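Numbering of the sequence shown is given in my numbering, commencing with residue 1 and proceeding in unit increments.
Keep in mind that the hints were calculated from the coordinates and are not lab data.
No experiment lies behind these values; they were computed from the predicted model shown.
Heads up, a few of these hints could be off.
Lysine-lysine pairs mimicking DSS-like chemistry, simulated, CA-CA at most 30 Å apart [as the list claims (entries may be wrong)]:
1) K277 <-> K147
2) K125 <-> K147
3) K168 <-> K277
4) K347 <-> K77
5) K314 <-> K347
6) K277 <-> K182
7) K119 <-> K182
8) K119 <-> K168
9) K182 <-> K125
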Amino acid sequence: MRLLYLALLVGLGFASAQTCAGLPRLNVSTPSGFCVGIVSRELRFPRGLLPLPSGDLLVVEMNGWSANQGSLAQLFKQGNRYRIQRLFSGLDRPHGIALGPDGRVYVGEVGRIFRFDPKQAQPQKAYILRDLPGNGRHPLTQMVFDKAGNLLVNVGSASDNCQQDRGKAVCAEAARNGLIRKYTLQWPQGIVRGWSVYATGLRNSMALALHPSGTLLQGENSRDAIQAADPRISDEAHPADELNVLVPGAHYGWPYCYENGRNAPEFPRYNCAQTRKPTLLLPAHAAPLGMTYLNAQSEWGDGWLVVGYHGYRKTGHRLLAFRVNGQGIPSGPARELIGNWVFPDGKLGAPVDVKQGPDGKIYITDDRNGMLLVFSRL
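Given only the sequences and the hints, what does the whole structure look like? Please build it.
In structure tokens, the structure reads:
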């Protein structure tokens, strides 16, 4: 039985005789003095993550891509272990989660957003939005509150790169999708008073982060299969994914332009000079799905942006940190926090959300492997 137990640990990628922050240790590469611990490996396709001031952790479980199979789990720390309690079930492909100015938790499902009070013994959900498109290729809801208490919400593109309008001067879809909506709320009640388009030309904004200075940063998941439109362009190398500083009214290029103002093959005559260029280019297909700014309480240190690369190609399955200035603007080169994230059976790590906890540690969800992880000092 002991041999079977040890074999199981090795098969799951654990270092059998090691721990990290009192938890089983994940066998990956980290900078000297740091490690990765496994908080839980019993989650159902975990996506969004929210550490609470109490030290408990809220995790959105999408449980696959079928409708109405998702849930919201709360993990309570008990010694060096965590107990899982599922607060809500039957959610429709939930993804985003955020703490509002009112102390309530906001959760994004496909097409809608609800909130609840995490201090209630038996929390009840109340929907505040039901008008998001939620259709096509990128239906998931991601969101972030700005410093004024407005709620910025991703409306992902319904197509890959508007191929149905190839050869036309304007993509009809881009007026409705591939953008960020700004919802104005009346506080303290949190009543939605209306919405406007905040920024456009953003194919799919799965990673959103607010810096204390007020800078809003977006991680762009760029298009696929560009070589199908132009065989001279390598799909492995292009287009680069992006980090963008969000500016009201700006257009960031999708579907007409990519990288630093290059015309998409479908739209060779579009004036890309009028679009806003990326703040930083990331590797193609890195797929940033989550990122967070670290503060002075972080074990890694202040003045960093941590980004998870979810992609399944060679550029993905890692966690990186970028230096930022006083306005939260990132610059390279990046520092790798988690690398060699490959399990013995060949499965890859798949970081989704990344958040700093009140203990200064960095927490990460991994949807493909059903894990919640913590990046910590030894």
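Check: Where does the structure disagree with the numbered hints, that is, which hint numbers, in rising order?
Finding: Violated: hint 8 alone.
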